[in-house]
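Q: Sequence:
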Amino acid sequence: MTSHSLFGIVVGFDGSEHSQAALNLAMEEARLRGGRLHLVTVWSRPALTWYPTMLGSAEGQIFAADSPERVAETVQAEALMIARREGADATGEVVHSDSPASAILDAARDADLVVVGSRGHGGFAGLHLGSVSHQVISHAPCPVLVARTRGS
1 MTSHSLFGIV VGFDGSEHSQ AALNLAMEEA RLRGGRLHLV TVWSRPALTW YPTMLGSAEG
61 QIFAADSPER VAETVQAEAL MIARREGADA TGEVVHSDSP ASAILDAARD ADLVVVGSRG
121 HGGFAGLHLG SVSHQVISHA PCPVLVARTR GS
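Numbering-wise, the UniProt record's numbering puts 26 at position 26 of the sequence shown, and it's gapless, one number per residue.
The set of hints was computed from the structure by calculation and includes no laboratory data. Source: prediction; values computed, not measured. A portion of the hints provided could be inaccurate.
[Claimed, not checked] Here are the in silico distance ranges between beta carbons for each label pair:
| # | residue 1 | residue 2 | range |
| --- | --- | --- | --- |
| 1 | Ser44 | Ile137 | 29 to 35 Å |
| 2 | Ser5 | Ser131 | 20 to 26 Å |
| 3 | Leu6 | Met81 | 16 to 22 Å |
| 4 | Arg84 | Thr149 | 20 to 26 Å |
No residue lacks a Cβ here, since even glycine has one placed at the ideal position from N, Cα and C.
Given only the sequences and the hints, what does the whole structure look like? Please build it.
A: In structure tokens:
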């Protein structure tokens with residue numbers, strides 16, 4: 001976050017249901033605090049074979065034939081479109097890294113708040129907190145909100 005005039009909120013976003021909950025929570029925080037969102041989407045190889053899109057259309061499904069970077073860009077573009085449609089001041093970046101937590105933490109250096117989902121695409125179903133969320137909580141330079149989906 002480069003401007004301190006607005007409350008800076010970094011959102012870790014991978015397109016998972018939990019990151020969608022994080023985006024919703026971050027949009028609410030931005031409304032309450034007059035803040036600006038900065039979405040961080042991290043990609044590495046290999047790509048997941050399938051992402052359901054937030055728009056729910058079969059046409060929006062992305063398969064492994066697409067590059068991981070292209071998948072991440074598409075997932076983030078949808079998230080930015082939704083955030084802006086809801087009136088949020090939002091920017092984003094797609095980062096290549098083998099460590100999603102490190103990429104989120106780098107983006108959060110000047111942030112006032114970080115919002116992440118409790119789990120992402122790679123998590124084990126029985127865990128209540130994923131490894132990326134845990135690392136962000138442990139090392140963030142600012143407060144962290146962890147979003148869960150209903151029923152999780």
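Q: Would you mind marking each hint as holding or not holding in the structure?
A: Okay, the hints, checked on the actual structure:
no. : hint                       : verdict
1   : Ser44 / Ile137: 29 to 35 Å : violated, 21 Å
2   : Ser5 / Ser131: 20 to 26 Å  : violated, 34 Å
3   : Leu6 / Met81: 16 to 22 Å   : holds, 20 Å
4   : Arg84 / Thr149: 20 to 26 Å : holds, 23 Å
In terms of the numbered hints stated before, the structure departs from hints 1, 2, listed from lowest to highest.
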